[in-house]
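Asks: Two chains, two frames, a set of hints: combine them into the complex.
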Amino acid sequence: MERRFVDNLPPMDLMRSEKMTSVQLIIPVESAHRAVSYLGEVGLLQFRDLNADKSPFQRTFVNQVKRCAEMSRKLRFFKDQISKASLLSSAHPVIQSDIELEELERRLAEHENELMEMNANGEKLRLSYNELLEFKLVLQKAVGFLVSSGSHAVSERELDENVYSKDDYVETASLLEQEMRSGRSDQSGLRFISGIICKSKVLRFERILFRATRGNMLFNQASADEEIMDPVSSEMVEKTVFVVFFSGEQAKTKILKICEAFGANFYPVPEDITKQRQITREVSSRLGELEATLDAGMRHRNKALASINIHLAKWISMVRREKAVYDILNMLNFDVTKKCLVGEGWCPIFAKNQIQAALQRATFDSNSQVGIIFHVMDAVESPPTYFRTNKFTNAFQEIVDAYGVARYQEANPSVYTVVTFPFLFAVMFGDWGHGICLLLGALVLIARESKLGTRKLGSFMEMLYGGRYVLLLMSLFSIYCGLIYNEFFSVPFHIFGGSAYKCRETSCGDAKTTGLVKYQDPYPFGVDPSWRGSRSELPFLNSLKMKMSILLGVAQMNLGIILSYFNGRFFGSSLDIRYQFVPQMIFLNSLFGYLSLLIITKWCTGSQADLYHVIIYMFLSPTDDLGENQLFWGQRPLQIILLLLALIAVPWMLFPKPFILKRLHTEL
Amino acid sequence: MYGFEALTFNVHAGYLEAIVRGHRAGLLTAADYNNLCQCETLDDIKMHLSATEYGPYLQNEPSPLHTTTIVEKCTLKLVEDYKHMLCQATEPLSTFLEYITYGHMIDNVVLIVTGTLHERDVQELLEKCHPLGMFDSIATLAVAQNMRELYRLVLVDTPLAPYFSECITSEDLDDMNIEIMRNTLYKAYLEDFYRFCQKLGGATAEIMSDLLSFEADRRAVNISINSIGTELTRDDRKKLYSNFGLLHPYGHEELAVCEDIDQVRGVMEKYPPYQSIFSKLSYGESQMLDKAFYEEEVKRLCLAFEQQFHYGVFFAYMRLREQEIRNLMWISECVAQNQKSRVHDSVVFIF
Numbered sequence: 007m008e009r010r011f012v013d014n015l016p017p018m019d020l021m022r023s024e025k026m027t028s029v030q031l032i033i034p035v036e037s038a039h040r041a042v043s044y045l046g047e048v049g050l051l052q053f054r055d056l057n058a059d060k061s062p063f064q065r066t067f068v069n070q071v072k073r074c075a076e077m078s079r080k081l082r083f084f085k086d087q088i089s090k091a092s093l094l095s096s097a098h099p100v101i102q103s104d105i106e107l108e109e110l111e112r113r114l115a116e117h118e119n120e121l122m123e124m125n126a127n128g129e130k131l132r133l134s135y136n137e138l139l140e141f142k143l144v145l146q147k148a149v150g151f152l153v154s155s156g157s158h159a160v161s162e163r164e165l166d167e168n169v170y171s172k173d174d175y176v177e178t179a180s181l182l183e184q185e186m187r188s189g190r191s192d193q194s195g196l197r198f199i200s201g202i203i204c205k206s207k208v209l210r211f212e213r214i215l216f217r218a219t220r221g222n223m224l225f226n227q228a229s230a231d232e233e234i235m236d237p238v239s240s241e242m243v244e245k246t247v248f249v250v251f252f253s254g255e256q257a258k259t260k261i262l263k264i265c266e267a268f269g270a271n272f273y274p275v276p277e278d279i280t281k282q283r284q285i286t287r288e289v290s291s292r293l294g295e296l297e298a299t300l301d302a303g304m305r306h307r308n309k310a311l312a313s314i315n316i317h318l319a320k321w322i323s324m325v326r327r328e329k330a331v332y333d334i335l336n337m338l339n340f341d342v343t344k345k346c347l348v349g350e351g352w353c354p355i356f357a358k359n360q361i362q363a364a365l366q367r368a369t370f371d372s373n374s375q376v377g378i379i380f381h382v383m384d385a386v387e388s389p390p391t392y393f394r395t396n397k398f399t400n401a402f403q404e405i406v407d408a409y410g411v412a413r414y415q416e417a418n419p420s421v422y423t424v425v426t427f428p429f430l431f432a433v434m435f436g437d438w439g440h441g442i443c444l445l446l447g448a449l450v451l452i453a454r455e456s457k458l459g460t461r462k463l464g465s466f467m468e469m470l471y472g473g474r475y476v477l478l479l480m481s482l483f484s485i486y487c488g489l490i491y492n493e494f495f496s497v498p499f500h501i502f503g504g505s506a507y508k509c510r511e512t513s514c515g516d517a518k519t520t521g522l523v524k525y526q527d528p529y530p531f532g533v534d535p536s537w538r539g540s541r542s543e544l545p546f547l548n549s550l551k552m553k554m555s556i557l558l559g560v561a562q563m564n565l566g567i568i569l570s571y572f573n574g575r576f577f578g579s580s581l582d583i584r585y586q587f588v589p590q591m592i593f594l595n596s597l598f599g600y601l602s603l604l605i606i607t608k609w610c611t612g613s614q615a616d617l618y619h620v621i622i623y624m625f626l627s628p629t630d631d632l633g634e635n636q637l638f639w640g641q642r643p644l645q646i647i648l649l650l651l652a653l654i655a656v657p658w659m660l661f662p663k664p665f666i667l668k669r670l671h672t673e674l
Numbered sequence: 002m003y004g005f006e007a008l009t010f011n012v013h014a015g016y017l018e019a020i021v022r023g024h025r026a027g028l029l030t031a032a033d034y035n036n037l038c039q040c041e042t043l044d045d046i047k048m049h050l051s052a053t054e055y056g057p058y059l060q061n062e063p064s065p066l067h068t069t070t071i072v073e074k075c076t077l078k079l080v081e082d083y084k085h086m087l088c089q090a091t092e093p094l095s096t097f098l099e100y101i102t103y104g105h106m107i108d109n110v111v112l113i114v115t116g117t118l119h120e121r122d123v124q125e126l127l128e129k130c131h132p133l134g135m136f137d138s139i140a141t142l143a144v145a146q147n148m149r150e151l152y153r154l155v156l157v158d159t160p161l162a163p164y165f166s167e168c169i170t171s172e173d174l175d176d177m178n179i180e181i182m183r184n185t186l187y188k189a190y191l192e193d194f195y196r197f198c199q200k201l202g203g204a205t206a207e208i209m210s211d212l213l214s215f216e217a218d219r220r221a222v223n224i225s226i227n228s229i230g231t232e233l234t235r236d237d238r239k240k241l242y243s244n245f246g247l248l249h250p251y252g253h254e255e256l257a258v259c260e261d262i263d264q265v266r267g268v269m270e271k272y273p274p275y276q277s278i279f280s281k282l283s284y285g286e287s288q289m290l291d292k293a294f295y296e297e298e299v300k301r302l303c304l305a306f307e308q309q310f311h312y313g314v315f316f317a318y319m320r321l322r323e324q325e326i327r328n329l330m331w332i333s334e335c336v337a338q339n340q341k342s343r344v345h346d347s348v349v350f351i352f
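Protein chains in written order, with my numbering: chain A, 7 to 674; chain G, 2 to 352.
Don't read these hints as lab results, they were simulated from the structure.
Keep in mind that this is a model prediction, so the values were computed, not measured.
Ideal Cβ placement from N, Cα and C applies to all residues, glycine included.
Accuracy of the hints is not assured; some may be wrong.
What the hints assert, rightly or not - Derived CB-CB ranges, DEER-like: (1) A:V342 with G:H345: 33 to 39 Å; (2) A:G566 with G:P63: 54 to 60 Å; (3) G:P57 with A:F398: 33 to 39 Å; (4) A:R394 with G:Q309: 43 to 49 Å; (5) A:E468 with G:L118: 56 to 62 Å.
Looking at chain G on its own, in the form it has when it is part of the complex (with noise of 0.2 Å):
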């Protein structure tokens, strides 16, 4: 029964709520974020940064700073913040844990593809790979020649596997193809993600199906803006669109028709969650909807912590903390190259 929650749900995953509740009280708040873009130089960040939750990872590091070392430690810190709530997660808690990170391993599949393709040394690529996406035999991708392969080697072993049984064809790998490849994985991750949530129930699937439907809605947005243009044909694209989420199945519909930005935006438009974003762009202008759609997102991962005693706090923490990597990233890259007016232009408040 939905609502009664509060009777059961601490025997298993109190412990946790409480550690991630804790974490998230430890996000860098506007006042963090309006002290760091003041700084001028990166020893500044490092030093603002240690008087918050990254101190101990970022307290041995040289005096050179770069910036892919700050992004590397706050990363670092998220992993070990999450393999700590894995490992005491128990079930239904511990599978969520792990769909949290499937998408990175998607991303890690096709960056390791991709450099293969192109050339690159296979433990250049393995270091730039999200350390929350590694598995057992990520390194083996580089054998791989076609898709098939790539599933018969290493993929069926991974969680990954029942999402290839759409897109496994005997062509060989290329850029394209990786792209197609990637969301369709995608999709099928979010809808087996999405069914996972329906099954648990109450408050989780409530609080899930939301944040996923935006995702799933997002992509879809996305998608449409990157295929304008290309040689994706409408049913192609139709057929990377996830079957839930607010734009199913009218909006899919449309936004497969859509030929330039403003038609993606006339369909946009007719859903009211969506209007306020696309009504905060001007007409052509497509950078500042990344930006738009993050704070969007960052609103109503904030919401779920409204509620107790469900799963979604978890999934938000790791969105939250990953977009402020994404700030620290922007932040430091921007004072790096003495570019500070740029500053806000990217970050994303979250308080």
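One chain only, chain A, in its complex shape (with noise of 0.2 Å):
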């Protein structure tokens, strides 16, 4: 009688992993391609990997997956250029007709040729554009430093002078002073060299160049007013510009090897003003020239760019799916005749008519003679575990499988965990103002599904879209253990009535000593508010709790058991029934079962006793009277018989199991 109720009860899809079933299929070569491409859109086949001993390179279609990893290079290459080049990805998807693989490996070798000899103008006009720029900044600030008498101040004040003198040429540097004062630099062979170098360098330069000189130098530095722009790595990097005055010919050759090691550029700056000022004007004048040939030459390359822009995302998915189909098609297996790919796998049963009208679809489309062959085949290995789930369950499936994911057909604990994990959470949250809070959240999160499942989110974000049903039931869930703890942002209020405490007098002068009396019916729902703020609010609020936290997870616990007792009943071990489940609940009811119904016999009767007592000393004297801590008539036997029914239960869960399957073993 049972048993018939309970088989027909209505089937729960998510309750057990979907059925499936071993296939076959032989395609002819012609439409191999597209019918793995339809079937990968109908999405509900995996194939097993036929070869898996093979190496990566000794698979058939290794070709095809090398073309589709270089394509996919070329536009990773244009993905780079476009996001240095600071242009927005374009949001809208453009509907254009599909483009065949070869044409798409076409046009992207013609853009990549087209972008690099781009790159490759431009980083040339960059560099003559630096070395103008840099000529130009190295006048300006030299200039400060060749100083005639009548400019001294102003050359005072932009000079950042490090005067080096070693004991026996003192003199000389003196020497050096005066000539720079009195202007006339080029007497006595004195030389400079003027040039530019990174501000990072400076330091070390100025020490290389002290050293191989032995100090006879004179080394001026000023920082330039503009960045540079490196075209390496196309960031803004600060120069400064630096003059070494030097004598001898020696002296020279090592400064010029030094700065050359350096990287630092030298240009020659004229010591006569009206040249000086000549050539700024050039300079000027050129560097206008180039830079608007380089905006020129940006703004085309830029046109390119956002040309491709356009296409580059249907481009990647295009690539990626293309690669996808070749990796399934190395999967399979040539057989004898060479004309068909052979393929195994697994697909669950309600879809193999799908399966079969994908496949029909790929043999019409690609005109081929032959029809796919396609049928059940026996396995020995049991079939992967398969959940039909929608955008609500979905989340809650992941959490249970990231625990481990169930065997197939085995009771999917993700039913249950649907309620259980967001009602724990809010048990512990319990809060109704916190949880309006998450409730909007969430239902922020669930209007804007559409808009936000489209986009690529950040990984924080990525999680909270997808437990946005989750995050839906917590806050419902915390609203209502909210209004049990009566917590408002933690303050209470009297929403079901009023408080069933009062004062004793009406100045409640004793209210924190003697308490509170009660003089009316229970408050209703949840938590009394006169508790907040009352001395022995945490003992009572802690204790309600504990024991609701103890009944909660002696309930889950009894369901894990009661699960494990169907899953025996539908794989038809009565081994697991007989020699497991039995005695599991034995031994949880007996002790935490007991513990469960000690809580609510003392809720219900308001008796004193200290379950903690109680329990403790079951297990250290039994026989003890039981005194002030009895709860209800035949307490003492019925504590007496569970000890010993939970002591049975331990080894007739641990022992009779393995020596059982051990013999069966054996006998096989």
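Replies: As structure tokens, then:
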């Protein structure tokens, strides 16, 4: 009777995983690509890798995979260039006709060549522009160093002098200064090199110059006004203009070599003021021209990039699909006649029609003479687990799968997790004010579901978005638990009527010492608001919440064990039922089920019994008299019986099953 | 106390040891090498490597590959791993990690000085330097004319400065002197490293002293063999041998007087660990000696991973990676030049 009732219950789809079947496909070569592509769109077939022992480049379609890899490299290059040029990626997908893979390859190669050419030209232009710009900066600053006596004051401000003097050369140093002030700096073989160098290297450069010339040099530097763009890294680099005064030919070669080694560029600065002004004007005009050319070049390039950008997302997805198709094709085997591909896989039974329809479409679209053979095959290994989830149950299924994926057709815990997981969260959260905030957040996420689903979110937002239904349930249950705990941002409210307690006198003088007195029926729903702020608030609430948690926990553990009973019945394993389910139930309920019973009894009768004491002494001295901890008649003999049952249950659940299994295996 | 590192090692170096063991698990195995040896073109190699840890470094290279590109990118991975570990390390692990690169610094210095002597362009030489051994003012080496200037200008700022005390002469640099300088520097470096490891104590000292002794002995053998028939006097040769290791001091005495390879062989066969190496070679042959030494080194480096809570794993990982890059270079060259039959001549399998 009972069995028929249980068997006639409506099927729960999510309760057990879908029934799977092992299938074999024989596909003629001309329709193979299309067939796999359509099967991919259906998305309900899992192929087994028949070429698992072959290395990646021994497989049949290795060239196509290489081509796809090459194309995706080009697409990555484009994406990189586009992001460097700070163009926004286009949000609206362009609906255009599908293009073939070869066509796409050709176009990508074209675009890449074009882009690389433009980049090379741009770099050359940029280099010459940088040179001219550096020359201009050097002229600006170096002029200040090569001062004539008239503008001495100006130079003092700009100079960042570092005068070195060794003891023997003191006179020479002052001679240098004199010569500088007099403006006749080309006397007595004193020459200079002016140039520009990255700011980060200046200190080391100076030090090396000092060492190389044994201190016989004068180094002046001033930082340049503008930053220069480094063509390789496309970053703006700060530069410093320097002028080195030295004497002697050897020193010159050394200094030049050191400049080369540090990547400093030097530019000749004429000492005559009129010539300086003339050169400055020339340089500025050429700079202006080059700038215009550079801008034009950049605009041209950005236009090309923008035209690529429109199609980029589509191309990327196309190449990924093609690569996936060829990866699957690599898993198939050629059969004896070399005209067909043979593949094996798993599919759910309900999907067989869909798959066959897709295969028929593929045969038709590729104009193949021979149809694709699709038939069921026997398999030795156990099928994979597949749950059909919708957007609501998907999040819960993922949470459960994180602990472990259920075996094929085992009872699926996520059916119950949909409620228990958010509810246990709510038991911990327990505040209807915060619950309302969480609810609003979850509703916002759900309302913008479609928009957020298409965008690429950061990792944190992705987590929130994926769990939006979990958050919704969590918030609803939190509001419920908040009403029970009577906490609105930790403030209690008198929503369900007045408090049941009042002060003994109107002045409430001894409210904190003797306490309040109960004068009407208890508060209808939840914790009485008078508890808040009272002296015994924490002991009361702690005890309440602990006992509640024990009840919830024991109930959930019982649910788990009962599910194992249903598993045992489904798989027909009486061994599991007799030697696992029964002793587990006995053990759990004789100890913790009994505790739950005690809790409920204590709540209902209002007894003052100490349950810690009862449970601990149940183990330590079960035959002792309970005294004031007695909750009901017959408690002591009941405790002794339960203790004995628990003791028997432990070896019952641990020992018989392994020995019986061993016996069964050795018999086989 | 040796034996109680487990109590305190993880406080400072636990994360990095886990990282380095993770990297070691990504080294290419014998199966990988077998597959690589069967490649027909460099593109096949690239495709196979894209499934290993080198994938992200090679995937953006355009299709006509060169062997130098492959080696460059693989070295780039090594450098990045090293820099990541270095910036997370505290003392004394950071000093230890820096010690590992001094050998490369010495090689780079010698490369640039030799190149300048033969009038090569500085930038070209800089590109050929090993990235792990780069330091700031390395380009200035091109300016130096003799060793004293070399030291005074550039090397005084680098960690190599204390190794120079033995080899400052005022002679001009030429090929012979540069080689002697290289070996003197390396000898001082090895001894310094050895002392540092001994100071660290514990498992690090034990394992590193074994590895460094092997290194010192190997260098002694190489110096002896390479200086046969040159003008290097016996005393000079003896000065280039390190003052630790299995061969010190009696083996060194005997090696110093050797005049041909068979004599070297005779000396080495007296030492059991090296007897097995030399027994694999037939008389008069020295080409396989390198490979035999590499194999022995790899075996010892792998053994370093068997123990936990010491710094030797970092040294071992760097060396194993370098060996792997050498293997990849050899395989790529063989494939590029269509000499696949010679592939197994020089590939040392790590696992």
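Asks: Against this structure, judge whether each hint is valid.
Replies: Verification of the supplied hints:
1. A:V342 with G:H345: 33 to 39 Å: 36 Å, holds
2. A:G566 with G:P63: 54 to 60 Å: 57 Å, holds
3. G:P57 with A:F398: 33 to 39 Å: Holds - the Cβ-Cβ distance for P57 of chain G and F398 of chain A, about 37 Å, lies within 33 to 39 Å.
4. A:R394 with G:Q309: 43 to 49 Å: 47 Å, holds
5. A:E468 with G:L118: 56 to 62 Å: 59 Å, holds
Of the numbered hints stated above, none is contradicted by the structure.
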